[in-house]
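Could you put the whole structure together from the sequences, leaning on the hints where they help?
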Amino acid sequence: MNRGLALLIVLVVIAAALSLSWGDNGLAPQDIVAALRGDPIAAIILGTVRAPRVATALLVGACLGVAGAITQAVMRNPLAEPGLLGINSGASLGVALLVIGAEGAVGHLMPLAGFAGAAVAATAIYVLAWRGGTSSIRLILVGIGIGAATGAVTSLLTVFGDIRDVQRALAWMAGSIYNADWTKLRWLAVWSLPALAITWCLARDLDLSAFDDDVSGALGLPLQAMRAALIALCTLLAGASVAAAGPISFVGLLAPQLVRGLSSRHAVRLPAAALCGALLLGGADLVGRLVQLPAGLLTPVIGVPFVGLLLWRRRND
Amino acid sequence: MPNLDAILPGRRRNRRALGLVLLIALVLPMALWALTVGSSQIAPGVWFDALMHPDGSREHIVLLDIRLPRMLAGLLVGAQLAVAGAIMQAVTANPLASPGLLGINAGAAFAVVLALAFTSIDASGSLVWFAFGGAGVAGGCVYALGSIGRGGATPLKLALAGAVLTAFLTSVTTSLLLLDQGTLDNLRLWAAGSLTGRSLSTVAELAPYGLAGLACALAAARPIMTLSLGGDLASTVGQNVVRWRLLAGLLVVVLAGSAVALAGPVGFVGLVVPHAARMLVGADYRWIMAYSAPLGALLVLVADTGIRWLVGIDLPVGITMALLGSPVFIALARRRSGMMR
Amino acid sequence: MTEPTSPVLLQAHDVTIGYDGRDIMNRLSIGIERGRFTALLGPNGCGKSTLLRALAGLLAPRSGTIRLEGQPIAQLSRKQLARRLSFLPQIPRAPDDITVRDLVEQGRYPHRRPLAPWSAADRAACTEALELTHMVALADQPLAALSGGQRQRAWLAMTLAQSADILLLDEPTTYLDMAHQLELLALLRRLVDERGKTVLAVLHDINQAGQFADKLALLSNGSIAGLGRPVDVVTPEIIRTVFHVDGMVLPNPMAPGPLFLPRTALTIIDATGEDATRS
Numbered sequence: 001m002n003r004g005l006a007l008l009i010v011l012v013v014i015a016a017a018l019s020l021s022w023g024d025n026g027l028a029p030q031d032i033v034a035a036l037r038g039d040p041i042a043a044i045i046l047g048t049v050r051a052p053r054v055a056t057a058l059l060v061g062a063c064l065g066v067a068g069a070i071t072q073a074v075m076r077n078p079l080a081e082p083g084l085l086g087i088n089s090g091a092s093l094g095v096a097l098l099v100i101g102a103e104g105a106v107g108h109l110m111p112l113a114g115f116a117g118a119a120v121a122a123t124a125i126y127v128l129a130w131r132g133g134t135s136s137i138r139l140i141l142v143g144i145g146i147g148a149a150t151g152a153v154t155s156l157l158t159v160f161g162d163i164r165d166v167q168r169a170l171a172w173m174a175g176s177i178y179n180a181d182w183t184k185l186r187w188l189a190v191w192s193l194p195a196l197a198i199t200w201c202l203a204r205d206l207d208l209s210a211f212d213d214d215v216s217g218a219l220g221l222p223l224q225a226m227r228a229a230l231i232a233l234c235t236l237l238a239g240a241s242v243a244a245a246g247p248i249s250f251v252g253l254l255a256p257q258l259v260r261g262l263s264s265r266h267a268v269r270l271p272a273a274a275l276c277g278a279l280l281l282g283g284a285d286l287v288g289r290l291v292q293l294p295a296g297l298l299t300p301v302i303g304v305p306f307v308g309l310l311l312w313r314r315r316n317d
Numbered sequence: 001m002p003n004l005d006a007i008l009p010g011r012r013r014n015r016r017a018l019g020l021v022l023l024i025a026l027v028l029p030m031a032l033w034a035l036t037v038g039s040s041q042i043a044p045g046v047w048f049d050a051l052m053h054p055d056g057s058r059e060h061i062v063l064l065d066i067r068l069p070r071m072l073a074g075l076l077v078g079a080q081l082a083v084a085g086a087i088m089q090a091v092t093a094n095p096l097a098s099p100g101l102l103g104i105n106a107g108a109a110f111a112v113v114l115a116l117a118f119t120s121i122d123a124s125g126s127l128v129w130f131a132f133g134g135a136g137v138a139g140g141c142v143y144a145l146g147s148i149g150r151g152g153a154t155p156l157k158l159a160l161a162g163a164v165l166t167a168f169l170t171s172v173t174t175s176l177l178l179l180d181q182g183t184l185d186n187l188r189l190w191a192a193g194s195l196t197g198r199s200l201s202t203v204a205e206l207a208p209y210g211l212a213g214l215a216c217a218l219a220a221a222r223p224i225m226t227l228s229l230g231g232d233l234a235s236t237v238g239q240n241v242v243r244w245r246l247l248a249g250l251l252v253v254v255l256a257g258s259a260v261a262l263a264g265p266v267g268f269v270g271l272v273v274p275h276a277a278r279m280l281v282g283a284d285y286r287w288i289m290a291y292s293a294p295l296g297a298l299l300v301l302v303a304d305t306g307i308r309w310l311v312g313i314d315l316p317v318g319i320t321m322a323l324l325g326s327p328v329f330i331a332l333a334r335r336r337s338g339m340m341r
Numbered sequence: 001m002t003e004p005t006s007p008v009l010l011q012a013h014d015v016t017i018g019y020d021g022r023d024i025m026n027r028l029s030i031g032i033e034r035g036r037f038t039a040l041l042g043p044n045g046c047g048k049s050t051l052l053r054a055l056a057g058l059l060a061p062r063s064g065t066i067r068l069e070g071q072p073i074a075q076l077s078r079k080q081l082a083r084r085l086s087f088l089p090q091i092p093r094a095p096d097d098i099t100v101r102d103l104v105e106q107g108r109y110p111h112r113r114p115l116a117p118w119s120a121a122d123r124a125a126c127t128e129a130l131e132l133t134h135m136v137a138l139a140d141q142p143l144a145a146l147s148g149g150q151r152q153r154a155w156l157a158m159t160l161a162q163s164a165d166i167l168l169l170d171e172p173t174t175y176l177d178m179a180h181q182l183e184l185l186a187l188l189r190r191l192v193d194e195r196g197k198t199v200l201a202v203l204h205d206i207n208q209a210g211q212f213a214d215k216l217a218l219l220s221n222g223s224i225a226g227l228g229r230p231v232d233v234v235t236p237e238i239i240r241t242v243f244h245v246d247g248m249v250l251p252n253p254m255a256p257g258p259l260f261l262p263r264t265a266l267t268i269i270d271a272t273g274e275d276a277t278r279s
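First to last, the protein sequences are chains B, A and P. Mapping to the UniProt record's numbering: the first sequence position 281 is 281, numbers consecutive. Mapping to the UniProt record's numbering: the second sequence position 253 is 253, numbers consecutive. Mapping to the UniProt record's numbering: the third sequence position 199 is 199, numbers consecutive.
Hints listed in this document are in silico derivations from the structure and should not be mistaken for laboratory results. Just so you know, even glycine gets a beta-carbon here, dropped at the ideal spot from N, CA and C. None of the hints are false.
Some chain B residues well away from chain P (every beta-carbon gap over 12 Å; in silico):
{"#": "1", "residue": "A34"}
{"#": "2", "residue": "G47"}
{"#": "3", "residue": "G107"}
{"#": "4", "residue": "A116"}
{"#": "5", "residue": "D181"}
{"#": "6", "residue": "A189"}
{"#": "7", "residue": "V190"}
{"#": "8", "residue": "L230"}
{"#": "9", "residue": "P305"}
Once the Cα atoms are required to be at most 25 Å apart in a straight line, the calculated SDA-like pairs of lysine to any residue come out as:
{"#": "10", "chain 1": "P", "residue 1": "K79", "chain 2": "B", "residue 2": "A229"}
{"#": "11", "chain 1": "P", "residue 1": "K79", "chain 2": "P", "residue 2": "T65"}
{"#": "12", "chain 1": "P", "residue 1": "K79", "chain 2": "B", "residue 2": "A203"}
{"#": "13", "chain 1": "P", "residue 1": "K79", "chain 2": "B", "residue 2": "A267"}
Computed spacing ranges between beta-carbons, pair by pair:
{"#": "14", "chain 1": "P", "residue 1": "R93", "chain 2": "A", "residue 2": "A93", "range": "20 to 26 Å"}
{"#": "15", "chain 1": "A", "residue 1": "V237", "chain 2": "P", "residue 2": "P253", "range": "45 to 51 Å"}
{"#": "16", "chain 1": "P", "residue 1": "V231", "chain 2": "A", "residue 2": "V237", "range": "47 to 53 Å"}
{"#": "17", "chain 1": "B", "residue 1": "V291", "chain 2": "A", "residue 2": "I313", "range": "38 to 44 Å"}
See below:
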């Protein structure tokens with residue numbers, strides 16, 4: 001067992017335990033044990049508020065970490081992140097359309113609108129990047145273009161929408177795990193767990209995807225089909241996350257970056273990126289609870305020093 | 001440095017000069033047209049009276065306080081962003097370089113929102129310094145981030161670093177706006193990139209920075225062209241590359257920063273206009289920069305006015321430009337992605 | 001002396017290849033013989049790399065077919081083809097931080113079923129590839145830390161680990177110094193003689209090609225200008241038409257095969273104005 005992976009698991013468990021006990025009503029470790037033994041008050045706080053929230057944060061973080069690892073391999077660029085596939089901008093547009101455009105209470109439809117927006121944007125990018133086949137460079141550039149276009153339509157809606165609707169939409173766009181519950185978590189799990197498993201089975205193909213087209217093709221990788229499948233998986237993972245927690249930036253960029261040094265094999269990198277993403281978002285949610293800010297706004301704040309660190313470490317490359 | 005003018009046939013040079021004069025001449029009628037378009041009908045002749053003998057009538061107030069500053073802001077912002085883009089494309093030898101794509105606009109916008117949210121400053125003349133600071137820091141970060149790894153600052157890596165930084169700044173800007181509904185209501189229009197609501201005094205406060213930046217850029221066109229040959233070649237022909245790169249960076253910061261202070265982050269002008277100029281005049285950056293100024297001014301003015309005229313909606317110009325510009329960008333990416341690695 | 005005729009293993013029949021509406025080669029046919037070392041030579045921009053990529057199945061010809069033992073390669077899956085045929089591009093690219101061992105192990109990709117564990121055959125193939133290329137000592141170095149020549153040998157090791165009977169190599173000697181060039185060519189020779197591999201390599205040095213290869217294929221403007229044993233192909237006339245170089249041919253005093261001594265180039269820049277650094 002890889003030592004780095006083991007360390008990550010320990011850290012995630014610690015973060016989860018801290019996260020379960022910290023909050024408006026503090027729970028000592030013995031309270032958690034009490035809840036498990038059947039203490040009703042502790043069980044309510046733990047079971048209906050804390051536990052789903054912590055589990056959602058960890059699972060969303062894991063999905064984003066893996067989605068980021070896929071993007072970085074497929075785009076062959078360490079700065080790529082799932083947001084480039086239009087996931088975040090598409091989801092934001094979907095939600096803005098719903099909240100600002102539709103009448104009445106639509107809160108329960110927001111995850112669906114987010115997922116639909118993400119899927120439509122990713123599909124549009126894939127189709128527009130197709131020119132007798134796709135190339136990683138075209139995917140990136142078309143992704144930037146689609147991101148700008150969807151962003152423009154979203155701003156259009158925020159400029160002309162009712163200010164309360166706009167604030168609701170913007171609050172969703174900030175990304176948060178405030179109102180996680182078991183139902184949402186179950187949906188997230190149904191979408192993401194199979195995708196996570198399939199991605200891990202494709203670890204070897206991901207290894208080869210990071211090579212150039214001629215090398216991976218000559219080694220027998222069915223390039224176009226694999227790229228389409230990987231992008232679909234990435235959309236599924238990041239889209240499910242965005243539906244559950246809103247757009248969360250930087251986890252998809254950082255988590256795979258931070259674990260790059262562990263191994264060049266995706267068989268190790270994928271679980272490591274998942275754990276690291278879970279740790280990042282779990283930590284951001286925990287800190288966010290303490291300072292009363294949504295986790296999605298904290299991930300960049302946590303992320304920037306890490307980017308600085310990476311820059312410093314790679315300064316001599 | 002080879003003097004292209006000496007090599008080029010005189011006729012071609014004359015044709016370029018004539019084109020430039022025509023473009024500049026086109027700005028005036030377009031500017032007058034922009035003054036006539038709007039929700040209230042104002043006869044084309046009234047603007048002359050309004051300028052010469054303002055009598056405080058409603059028409060004159062609309063012209064002087066709403067349409068004139070908007071028109072001037074459009075011209076300035078367009079010219080400044082286009083020239084800033086041209087400089088960036090020359091200095092980085094990078095067809096994707098532009099203030100919007102490389103995070104410079106987002107940096108300036110973030111700094112301005114920061115200043116408005118946490119200080120009591122609201123004079124444009126002071127805010128512009130925040131914009132300069134934000135633009136400079138963001139540009140520096142993107143360049144540093146895009147230069148890591150082998151191969152240095154390739155177009156692709158710079159564009160990615162710009163996208164990453166823009167995502168980060170946008171999310172932090174959003175959180176600042178979320179803190180306070182009042183700020184959100186005041187700033188959402190500006191944050192989308194808009195020419196409305198500028199007073200003549202705001203334009204007058206910011207115009208000197210932009211005009212000075214434009215003048216310096218055109219004066220420095222020759223050394224900037226030399227920079228476009230690449231660092232090694234530029235220094236072998238005797239240029240102090242470090243000094244000129246810094247100066248070029250400073251110019252970009254002043255041009256883009258004051259444009260953002262005036263109109264918020266407006267994307268794609270700085271990307272698309274230099275490419276259009278290159279199609280017209282070829283690879284000579286001195287001509288590209290000279291053409292970019294009137295082309296950019298025309299693009300922003302005509303797009304802003306045209307939308308108002310066609311649809312009757314007051315669309316923020318940042319959104320208009322993104323809706324017009326992103327298809328052009330995607331087409332460019334599909335056609336020429338091979339050379340951006 | 002009669003040359004035993006080997007049956008053709010890999011064959012391009014009447015192929016037309018082009019990018020973006022421009023034909024690089026028009027109705028070209030060539031057969032690569034089994035168990036031979038064939039060197040592909042030609043001036044810059046004549047289509048050597050294009051032909052190699054088409055033979056590797058990476059570029060679909062606009063018309064015509066490429067057959068492996070008589071079967072069109074378009075009918076084979078990518079993995080099936082990769083088990084029979086390996087290809088090393090001129091400038092292969094991999095993630096910076098990959099180690100030599102991880103790179104070489106990628107060569108086993110076509111032999112592994114999904115989720116199947118690492119087998120004894122996989123391990124043996126990788127070890128052998130590292131040994132043949134003298135890369136064992138460098139196996140745990142990251143690729144980015146190696147010199148150009150070492151990197152080239154690491155890539156060759158990956159290609160060998162693929163255990164395919166056909167090796168297509170695009171300018172494998174380009175980044176190597178003279179000693180490593182000779183060593184690599186000797187290795188290819190040994191693979192052909194001792195393992196019965198079929199090698200097709202793009203080479204630049206006609207004298208090295210004449211010394212090590214069984215057959216030379218000369219490509220000029222997208223068509224085959226000569227195919228045969230070095231002594232038959234390396235003649236002043238053919239060299240002049242293909243390379244636009246004037247010179248004379250002598251018998252090689254140290255090895256079988258001809259030796260070409262160039263005198264002058266007939267044209268400095270070729271008619272198409274092609275960039276001389278590209279090929």
